[in-house]
Amino acid sequence: MKRATLLLVLSLLLALFLVACGGGEASEPAASEANEASETSETAVEAPSTDSNTSDAVSCDDPIGCVEVAPGDPIMLASALVISGPNTELGLDSQYGVEIAIDLHGDIMGHPVELQPEDDGCSAEGGQTSAQKIVSNPQIVAMIGTSCSGAGVPAAKIISDAGYVMVSPSNTSPALTDPELHEPGYLRTAHNDKIQGAAMADFAYNELGIRKAAAIHDGDPYTEGLATVFSDSFKELGGEIVAFEAEAADATNVEPLLTSVAAAGPEFLYFPVFIPLGSLITNTAADIDGLDGVILAGADGIQSPSFLENTVGTSEGMYASGPDLSFSNAFYTDTFLPAYMEKAGTEPTAPFHAHAFDATNMVLMAIEQVAKEGSDGTLLIGRQALRDALYATSGMEGITGTITCDENGDCADPKISVSQVQDGEFVRIWP
Amino acid sequence: MSQRFKDIDYIGVFLWVFRAIIIVLVIYGTVSKLFLGVGNEYTIETWIDFFVSGLSQGSLYALIALGYTMVYGILFMINFAHGEFFMSGAMTSTVLVATFLSASGFLDAQPLVSMLLITAVSIITSISVALLTERIAYRPLRRAPRLVPLITAIGASFFWQYFFRGLFGSALIPFPVPESLQGRWTIFGLEFLRTRVVVMGTTVIALVFLYLFIQRTKTGKAIRAVAEDKDVAALMGINVDRTISITFAIGAAMAGIAGVLWGLVFRQVHFYMGFVPGIKAFTAAVFGGIGSIPGAALGGLLLGVIEAVGPPLFLEGLGIVGAHQLKDVIAFTMLVLVLIFRPQGLIGEKLAEKKA
Numbered sequence: 022m023k024r025a026t027l028l029l030v031l032s033l034l035l036a037l038f039l040v041a042c043g044g045g046e047a048s049e050p051a052a053s054e055a056n057e058a059s060e061t062s063e064t065a066v067e068a069p070s071t072d073s074n075t076s077d078a079v080s081c082d083d084p085i086g087c088v089e090v091a092p093g094d095p096i097m098l099a100s101a102l103v104i105s106g107p108n109t110e111l112g113l114d115s116q117y118g119v120e121i122a123i124d125l126h127g128d129i130m131g132h133p134v135e136l137q138p139e140d141d142g143c144s145a146e147g148g149q150t151s152a153q154k155i156v157s158n159p160q161i162v163a164m165i166g167t168s169c170s171g172a173g174v175p176a177a178k179i180i181s182d183a184g185y186v187m188v189s190p191s192n193t194s195p196a197l198t199d200p201e202l203h204e205p206g207y208l209r210t211a212h213n214d215k216i217q218g219a220a221m222a223d224f225a226y227n228e229l230g231i232r233k234a235a236a237i238h239d240g241d242p243y244t245e246g247l248a249t250v251f252s253d254s255f256k257e258l259g260g261e262i263v264a265f266e267a268e269a270a271d272a273t274n275v276e277p278l279l280t281s282v283a284a285a286g287p288e289f290l291y292f293p294v295f296i297p298l299g300s301l302i303t304n305t306a307a308d309i310d311g312l313d314g315v316i317l318a319g320a321d322g323i324q325s326p327s328f329l330e331n332t333v334g335t336s337e338g339m340y341a342s343g344p345d346l347s348f349s350n351a352f353y354t355d356t357f358l359p360a361y362m363e364k365a366g367t368e369p370t371a372p373f374h375a376h377a378f379d380a381t382n383m384v385l386m387a388i389e390q391v392a393k394e395g396s397d398g399t400l401l402i403g404r405q406a407l408r409d410a411l412y413a414t415s416g417m418e419g420i421t422g423t424i425t426c427d428e429n430g431d432c433a434d435p436k437i438s439v440s441q442v443q444d445g446e447f448v449r450i451w452p
Numbered sequence: 165m166s167q168r169f170k171d172i173d174y175i176g177v178f179l180w181v182f183r184a185i186i187i188v189l190v191i192y193g194t195v196s197k198l199f200l201g202v203g204n205e206y207t208i209e210t211w212i213d214f215f216v217s218g219l220s221q222g223s224l225y226a227l228i229a230l231g232y233t234m235v236y237g238i239l240f241m242i243n244f245a246h247g248e249f250f251m252s253g254a255m256t257s258t259v260l261v262a263t264f265l266s267a268s269g270f271l272d273a274q275p276l277v278s279m280l281l282i283t284a285v286s287i288i289t290s291i292s293v294a295l296l297t298e299r300i301a302y303r304p305l306r307r308a309p310r311l312v313p314l315i316t317a318i319g320a321s322f323f324w325q326y327f328f329r330g331l332f333g334s335a336l337i338p339f340p341v342p343e344s345l346q347g348r349w350t351i352f353g354l355e356f357l358r359t360r361v362v363v364m365g366t367t368v369i370a371l372v373f374l375y376l377f378i379q380r381t382k383t384g385k386a387i388r389a390v391a392e393d394k395d396v397a398a399l400m401g402i403n404v405d406r407t408i409s410i411t412f413a414i415g416a417a418m419a420g421i422a423g424v425l426w427g428l429v430f431r432q433v434h435f436y437m438g439f440v441p442g443i444k445a446f447t448a449a450v451f452g453g454i455g456s457i458p459g460a461a462l463g464g465l466l467l468g469v470i471e472a473v474g475p476p477l478f479l480e481g482l483g484i485v486g487a488h489q490l491k492d493v494i495a496f497t498m499l500v501l502v503l504i505f506r507p508q509g510l511i512g513e514k515l516a517e518k519k520a
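Protein chains in written order, with the working numbering: chain A, 22 to 452; chain B, 165 to 520.
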């Protein structure tokens with residue numbers, strides 16, 4: 022009896038642990054479920070549209086269905102950002118960006134825009150659940166998200182299979198817009214890490230004169246992709262990668278890891294991870310004998326005030342790559358920031374609120390382009406037409422720069438800069 | 165002869181093979197690491213660093229594991245909210261006391277007084293949260309089937325996580341370390357990080373006090389009596405409900421101490437910080453023998469050391485890249501092995517039929 026209960030408890034515990042740690046193995050069931058979801062959603066969409074033909078409204082001739090918004094009903098958008106767990110700051114920051122974009126844009130052809138916020142949990146399971154929930158609602162036109170690349174992989178599959186479309190403000194993993202792996206309903210306004218990783222390698226090799234570097238990732242597609250691109254670019258430039266290590270994102274004791282890395286004798290340590298692990302590594306590195314004088318560097322995942330507060334003293338002098346946030350436009354400082362401060366009550370907590378704002382505007386403008394209004398005030402939004410309009414986005418002036426989408430869904434105007442922590446603040450130093 | 169073959173138990177054979185494979189892998193990895201020089205080369209000092217780091221992490225697991233094991237010993241329930249007792253103490257003392265003391269400069273001027281004050285607040289918070297949880301969520305379910313309080317505990321765990329998120333926010337909060345505890349001390353010619361020494365010292369003191377309390381005081385005797393048999397203990401005039409509350413309180417006090425030490429070592433607290441240590445400490449408790457106090461301490465220390473030394477020793481020896489990421493695999497494989505071959509844990513006693 023006792024043994025049976027204990028085994029039960031253990032299996033439950035393992036399940037909990039797996040859910041918490043996340044992993045990329047959830048794509049198989051996602052596909053079959055997504056097919057079911059797409060069938061149901063399409064029938065749900067098409068059934069009312071045949072009705073509307075009789076009342077001499079415009080009819081839906083879109084190959085993958087339309088969203089029909091009755092007069093006075095809101096146009097539904099959804100977001101799937103990380104709004105719980107240890108990376109909440111990243112997702113909430115983006116969500117404020119989305120909400121501000123909707124507020125500032127106002128009604129579309131007399132219909133208010135409404136947001137259904139979901140949580141991507143910064144994990145594959147969270148991405149799958151939130152996407153599943155979104156495609157089960159036929160009124161939702163498009164999704165803004167996900168926050169984390171790990172959640173983006175299953176979400177892109179589900180959303181695309183169901184005929185929906187998503188624009189991510191902060192997925193940067195190269196895999197998501199790789200021509201081989203790209204899903205047709207997936208776009209992003211965040212930069213591709215192919216550019217960020219290469220920029221960091223360039224900075225380390227040419228600017229700092231580093232020849233021996235080490236990289237640490239946490240197994241998430243974002244961090245692993247970035248660390249890999251960095252290592253490859255660094256080797257191409259002629260440098261040597263002396264250690265390429267991995268650590269669990271929720272690790273507590275990183276001392277053994279750093280001791281191992283120190284034994285390899287790097288001059289430069291790149292750890293493109295999220296804040297909890299990033300500040301742990303930064304703080305612990307100060308205690309490791311062999312890491313004296315080794316230059317530390319992170320990526321956009323740690324460029325946040327919270328990271329600096331947690332690494333007072335230890336992060337001084339370290340570098341971080343990230344999107345260039347020196348937005349020069351007056352709109353950002355005069356309109357966006359005050360709106361953000363009013364909504365959130367704080368300064369922005371992560372770099373991607375601007376990308377979320379641009380992503381939402383991209384979607385809203387595309388909806389305006391493709392929406393057709395019937396004589397009774399019913400709005401029809403073709404799903405394929407919406408996708409086409411999004412991919413056709415070109416030369417759109419956003420906060421983050423000039424947004425132009427390519428056929429793989431990369432829309433960002435990728436400006437990467439490297440910042441250094443000076444007197445407890447990130448100061449842009451390169452290029 | 166044929167009789168002997170009939171007696172072969174296929175599960176038994178499988179388990180033997182399984183055990184042999186694990187042992188061969190560990191020995192192969194260790195030998196190729198130490199004698200064939202696979203992967204990075206480590207000096208003796210590096211190995212000592214791994215070991216000490218594992219010991220200090222293990223001390224924290226041990227302190228948290230005590231709460232699991234004591235509650236299991238008395239109620240036979242896995243209190244999954246125990247990680248949140250730990251988190252509540254750490255967060256409250258950091259936000260309300262440590263940050264304030266650090267800003268006023270008192271922390272550096274009077275490190276001992278400050279640390280005691282921080283620890284006191286942490287212990288009080290943890291105990292309050294534990295008693296509240298016990299009274300509201302567990303006591304009404306005491307006669308319910310065993311799975312009911314288990315699920316309730318998971319619910320309580322989520323409740324406290326998001327309660328403290330609402331209270332103190334979702335950001336990581338830095339834990340200020342007094343200046344006098346930064347840097348290293350030289351002991352026996354070896355350099356140790358001061359915070360690690362403090363962690364191990366405090367853990368030893370706490371364990372000794374707990375052991376004396378359970379073995380030498382009247383309340384301790386009552387706890388042992390209730391753990392043995394609740395009904396008979398009640399007949400002897402022991403207030404069972406009160407004794408159970410005291411058990412929760414002691415476990416939570418240990419978690420509160422662990423919370424402050426955690427802050428000292430890892431320098432950051434967070435509303436989510438109770439989850440992983442909670443699961444690891446539970447593993448440690450099962451590892452050592454759930455229900456046994458020395459077992460929890462031993463299990464915690466061993467788990468910490470295995471997590472720190474295992475990956476560089478035999479995983480790197482097996483040629484695995486990014487070995488440190490897999491320390492959880494080692495920890496949980498050890499747990500499975502212990503459950504298969506020694507279900508009562510390393511030094512756990514065989515339980516009486518009534519408890520099982």
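These are calculated hints, taken from the structure and not from any lab test. Each hint should be verified, as a subset may be incorrect.
Stated by the list, open to error - Which chain A residues face chain B? A few, computed with CB under 8 angstroms, are given here:
#1 Ser-254
#2 Phe-265
#3 Glu-266
#4 Ala-269
#5 Asn-274
#6 Pro-277
#7 Ser-281
#8 Glu-288
#9 Ile-296
#10 Asn-304
#11 Glu-330
#12 Val-333
#13 Glu-337
#14 Gly-338
Each residue gets a CB set at the ideal place from its N, CA and C atoms; glycine is no exception.
Structure-based check of all given hints:
no., hint, in the structure
1, Ser-254, "19 angstroms, violated"
2, Phe-265, "7 angstroms, holds"
3, Glu-266, "5 angstroms, holds"
4, Ala-269, "6 angstroms, holds"
5, Asn-274, "4 angstroms, holds"
6, Pro-277, "4 angstroms, holds"
7, Ser-281, "5 angstroms, holds"
8, Glu-288, "16 angstroms, violated"
9, Ile-296, "6 angstroms, holds"
10, Asn-304, "5 angstroms, holds"
11, Glu-330, "5 angstroms, holds"
12, Val-333, "7 angstroms, holds"
13, Glu-337, "14 angstroms, violated"
14, Gly-338, "18 angstroms, violated"
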